[in-house]
Structures are given as C-alpha cells and as structure tokens.
Amino acid sequence: MNREDFPLLKEDIIYFDNGATSLKPVCVIDKIKEYYTKYPVNAHRGDYDLAYKVDQEYENTRELVKEFINARDLEEIVFTSGTTEALNMIVEGFFAPLLEPGDEVLLTMSEHASNVLPWFRLPKKKGVLVNYIPLDSNYYLTIDNVKKMISPKTKVISIAGITNVIGDIRPIKEICKLAHENNIFVCLDGAQMVPHMKVDVTDLDVDFLAFSAHKMCGPTGVGVLYGKRELLEHLEPTILGGGMNESFDTPDEIYLKELPARLEAGTRNIAGVIGFGEAIKYLNAMGMDKIHKYEIDLRKYLIDKLIPLKHIDIINIESDSGIVTFNVTDVFSQDVAYYLNKYNICVRAGNHCAKILKSSVGVNNTVRISLYFYNTYEEIDDLVELLSDYQKIVKEMI
Amino acid sequence: MNDREIIMEHYQHPLNRKKNDDPMYLHVNTRNESCIDNIDLYVKFNDNIIEDITFMGEACAISISATSIMIKNLIGKTCEEALNYIREFYKMTNGEEFNENILKEGCAYSDVARQGHRKTCANLPFKGIEKAILSHLR
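So the sequence lines, in the order shown, correspond to chains A and B. Numbering follows my numbering, in which position 235 of the first sequence is assigned residue number 235; successive positions increment by one, without gaps. Numbering follows my numbering, in which position 13 of the second sequence is assigned residue number 13; successive positions increment by one, without gaps.
Here chain A stands alone, though its shape is the one from the complex (with noise of 0.2 angstroms):
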C-alpha cells in the first residue's frame, strides 16, 4: 500500500527491517524541510510571529498524539527522544522514588533491553526485585501466568504490546484490569506496537505507555512518555534547564512549570516533533485497523510460504503481528542478513536487544523480517525464492 509516498522505494530495495526502523514518507520529509526554511526558530521563546508559528506546529502535534492513542488530555503526552529515554523517565522519575525495598517488578523475558535495564538499577539502589513473568510454549504472555505471578508485593507490570522478536501481542487490557484490582501499575513499551495498530490507552487502561515516532513513519529522535495525568504529576523530572522551569533562585526556591512542560527540559526536537505530526496524518489517512489487517495477511502469505523449506527453522509460527524471525540450517544468521542484501534485501540479524530471550528460545541471533503497509506480496515472493535455495545459501553467503 502507499509505496509512491515513499522515496526510497523508487530504488531497487525491497527493506525488511521496521521492526528497527521505518522508511519515511515524503510528506514527512516535506514538513520537516518546512520548518528548517519557514520558521526555524525556537518553540515556547518568544514574542515575534514565527515563534507563535511554531508553538502552533509542535502543539498541534501534542493534540494529533492525544487524539491518535485516545488520551484524556493534552498534559498527557510528553516529548521524549523515543522510547528508550521515556521508559527511562517512568522508571527513575516515577518509580524509583515509590518504590519500596521488597516491593515486586514484573518483566518477561522478551522485553527489549530498554524496558529491561532501566528496571535493573532499582534492585541496587532502592532493593526492589525485578522478576520475570513465565512465557507458555510458544513464548507467548498468558493472564493466567500474570495471575499466578503476581503477589501483594508486586507494584508494577511493565511489558511490551507486542514483542520485537517474537511478535505476539499481549492481552494488554485484561492484564491492566487485573493488575488494577490488585492496585499494581502497568507499563506499556509501545515501540513495536503503536506503529502498526490502534492503541486506545483509555480503553486498555494502561497507567503509562512509551513509543517512537520514527518505526511509524515520522523522524528519528522524537518519542512519546503517556501517563494518566494523576501519575504524571509525581513523575519528578530527570532532566532540568530551561523550558521546565517558572523561576528559581537558591536550591531550595526552584519553582516548574506545569505539564507536559515540566518534563520538557531544554530545546526539544521541534524539526522532529513538527514531522511526527505529519506522520500522524499520514497513518491516520490510511487507517491503522487497514494497516494491522494488511500486515496480518501479509505475514501469513510469508509464513506458508516458509513452512515447506525444510532448513527454514520458524521461531514464531504463530503471531498476528509483522515480525517473522527464524534461522537457516547451520548458517550464522548474519551470514543470511549479508546474503539478501546482495539481492538488495534489507533484513535484521542478531539478537534484537532482546537478549535474555536466549534463556527461553535457546537461540543466541536469529534473523528478523519485520513488515510494515508498503511491503508487498511480490516482495516477499523475491524473498522466498532467495530462501528456497539452500545450495545457493551457502555458497553465497560470503
């Protein structure tokens, strides 16, 4: 769908890889150009009218972010420089200072590093424990393995709504509800989820929700912090300097600005901001329900067709999201990654940043195909017949 909106699929590149990052269209390449030639100045600092321009642009991408995950309010959604730094500002901003000795973080072991590590200085410096939620057989997130781990102790959920290697999508709703009568938080890493289906925080009732502007078409370097705002007035800030700040004088007289100010500290990416909006547009134009149904086809056109190849090993038959990740018999998933890109064929191989996964999948790297709407059925045809060929592997694989 879409690919005329897209420069670089004009070129011969068939880009396999969105779980890691996704190609731009060119009314959000426009945008940005845009604000670098019309009004390149500073947002919230001054009197003149490009600045007044400008606070409209990157305001105007708060309200399109409110309306796209169905926030409550404006003071909701907080600018962060992706995914990473907000899980980051939940976890030391929020958490660290709630949390008490004893008290229980629930993981899985599928989160990708950023929902991992930030979690992992709180047994250190505050005595928290961080624990791991079973996954079943197919390395999928059950209720009812949240229900058997939790305890009075647990305090927080943090998870991701769909995994980056293994692609399920967690019972997102039914965890919070769960968690909520047992007055645990939960945290939702939205990286590979936002970008590829509607995620309605009211609905599902998460307490905050994190994602990156650049896996759903907008720029790099621009992220989202949700919180209901309740919680997000005692997210004390992690950064301080200017923009944050109503005035200060002695250490003891420092007086913030209210949300979501407060926790924009410093000159954001307002190149970045201004584009995601025109990201917004774009998905919203095409209707993410259309995009998540695109996919889910997609992806099962690409798995029956692997399934036949007998040294095509599939981690993850199953799962309704784009991410594929399997191995080819006794060749190092690195050397599968540089074989397609001889056929210009852009695909991950690794571990992903999920690195504890190892412990449950007994795998080290695997190769990753990760879809998104401008993929084709004639595209992953060109994949297959590169797969097909074991022979043809091999000996091309250096």
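Quick caveat, the hints were computed from the structure, so don't treat them as lab data. Hints are not guaranteed to be accurate.
Heads up, simulated DSSO-like pairs for lysine-lysine below, C-alpha to C-alpha not over 30 angstroms straight-line [said to hold, decoys possible]:
id: 1; chain 1: B; residue 1: K44; chain 2: A; residue 2: K395
id: 2; chain 1: B; residue 1: K119; chain 2: A; residue 2: K10
id: 3; chain 1: B; residue 1: K19; chain 2: A; residue 2: K342
id: 4; chain 1: B; residue 1: K72; chain 2: A; residue 2: K392
id: 5; chain 1: B; residue 1: K104; chain 2: A; residue 2: K392
id: 6; chain 1: A; residue 1: K395; chain 2: B; residue 2: K119
id: 7; chain 1: B; residue 1: K127; chain 2: A; residue 2: K342
id: 8; chain 1: B; residue 1: K119; chain 2: A; residue 2: K392
id: 9; chain 1: A; residue 1: K395; chain 2: B; residue 2: K104
id: 10; chain 1: B; residue 1: K72; chain 2: A; residue 2: K395
id: 11; chain 1: A; residue 1: K177; chain 2: A; residue 2: K147
id: 12; chain 1: A; residue 1: K342; chain 2: B; residue 2: K119
id: 13; chain 1: A; residue 1: K342; chain 2: B; residue 2: K104
id: 14; chain 1: B; residue 1: K127; chain 2: A; residue 2: K395
id: 15; chain 1: B; residue 1: K77; chain 2: A; residue 2: K395
id: 16; chain 1: B; residue 1: K91; chain 2: A; residue 2: K395
Here's a subset of chain B near chain A, in silico, CB distances under 10 angstroms, partners left out [to be verified]:
id: 17; residue: A61
id: 18; residue: G116
id: 19; residue: H117
Covered stretches of chain A, going by a simulated chain B footprint (3 or more residues, C-beta under 8 angstroms) [to be verified]:
id: 20; region: 327 to 339
id: 21; region: 345 to 351
The beta-carbon is built from N, C-alpha and C at its ideal position, and this holds for glycine as well.
Assemble chain B onto chain A, guided by the hints.
Just chain B now, kept in the frame of chain A:
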C-alpha cells in the same frame, strides 16, 4: 584454491576451535559493536613467542574463517612478527597497499574492504589477538 574456497575451508573446518580451561592461556574476548560476532581467544605465550592459540565463539563465516587463518599464521611467531602481520592485515582491509608475502592466506580477505560491515568481521580476531599480545608485552 580461490579466495572463496580458502574462506569456506577455514569456516567449515576451523583450526583449534575448542574449549580451553588451561590456566597457562591468556583469555581475551573480542566482539563487534556493529554486529553480533563474539569470539573468545585463548593465547599461550612462551616468553616472546606465541606458542598456541585456540578459540570458541559464535560468529559469521568471515569472522570464524579469519580466526582460523589468523591462528594458522601467528602460531610460532614472535610478538613483534605477529603485530607486523596484524598491521599488514589492517592495511589490506583498509584498502591500502599491503605485503602479500607476509599475509599469505590472509590475502583471501582483500575484497572485504569494499564490503562495509564485513571489514569489521574480518578484523575481529586480529583486534582480539592484538589486545592479548599488548597485554602480554606489558
């Protein structure tokens, strides 16, 4: 054998790929930031001579084969000779003039300078052994 055959031979039948718990060996880990190659080298020195090298690890065909070729060519060399070999190898992967007589089978990677990330894969074992030698000399 052509370059590809040399690389495949060393990938499929690498020299000295074995677990090594011998305390006489110096252990260094070598890995790339940009990819997923991860190799443990075990080096035994006899005064100034590299007496033995073994390795373990998970890596691509280029890294594994380069490790094997490195082992074949550096065992028995003095530290200075080995460092000289490593310098010539880097010159080759940087696309500079290099001495083919010193590198021998190592010349099989003369194309990798043109292949982006593959350069770091080929250099990987040499970065590791360089670290081990410099550590030994200190």
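Here's how the hints hold up against the structure:
For the proposed pair K44(B) and K395(A), the alpha carbon gap of about 35 angstroms is over 30 angstroms, so the pair is violated. A distance of roughly 29 angstroms separates the Cα atoms of K119(B) and K10(A); the hinted pair therefore holds under the 30 angstroms criterion. The suggested pairing of K19(B) with K342(A) is violated, with an alpha-carbon distance near 34 angstroms, which exceeds 30 angstroms. Between K72(B) and K392(A), the direct Cα distance comes to roughly 29 angstroms. Compliance with the 30 angstroms bound is thereby established for this hinted pair.
Under the criterion of a C-alpha separation no larger than 30 angstroms, the hint pairing K104(B) with K392(A) is consistent with the structure, at around 28 angstroms. Between K395(A) and K119(B), the direct Cα distance comes to roughly 19 angstroms. Compliance with the 30 angstroms bound is thereby established for this hinted pair. Using a Cα cut-off of 30 angstroms, the hinted pair K127(B) and K342(A) holds, with the two alpha carbons roughly 27 angstroms apart. Between K119(B) and K392(A), the direct Cα distance comes to roughly 23 angstroms. Compliance with the 30 angstroms bound is thereby established for this hinted pair.
Taken as a hint, the K395(A) and K104(B) pair is honoured in the structure, with Cα atoms around 23 angstroms apart against an allowance of 30 angstroms. Taken as a hint, the K72(B) and K395(A) pair is honoured in the structure, with Cα atoms around 24 angstroms apart against an allowance of 30 angstroms. Distance check on the hinted pair: K177(A) and K147(A) sit about 11 angstroms apart at the alpha-carbon level, within 30 angstroms; holds. For the suggested pair K342(A) and K119(B), the alpha carbons sit about 16 angstroms apart, so the restraint of at most 30 angstroms is met.
About 28 angstroms separates the Cα atoms of K342(A) and K104(B), which keeps this hinted pair within 30 angstroms; it holds. A threshold of 30 angstroms between alpha carbons decides the hint, and for K127(B) with K395(A) the separation of about 27 angstroms falls inside it, so the pair holds. The suggested pairing of K77(B) with K395(A) is violated, with an alpha-carbon distance near 33 angstroms, which exceeds 30 angstroms. With a C-alpha separation of about 27 angstroms, the suggested pair K91(B) and K395(A) falls inside the 30 angstroms cut-off, and the hint holds.
Taking 10 angstroms as the C-beta cut-off, the interface hint given for A61(B) holds, the closest approach to chain A being about 5 angstroms. For G116(B), the suggested interface contact is upheld, since its CB lies about 9 angstroms from the closest CB of chain A, less than 10 angstroms. Below 10 angstroms, beta-carbon pairs count as interface contacts, and H117(B) has one with chain A at about 8 angstroms; its hint therefore holds. Counting residues of the region 327 to 339 of chain A whose C-beta sits closer than 8 angstroms to any C-beta of chain B gives 5, which meets the bar of three, so the coverage hint holds.
For the region 345 to 351 of chain A, the stated coverage by chain B holds: 3 residues have a C-beta nearer than 8 angstroms to a C-beta of that chain, and at least 3 were required.
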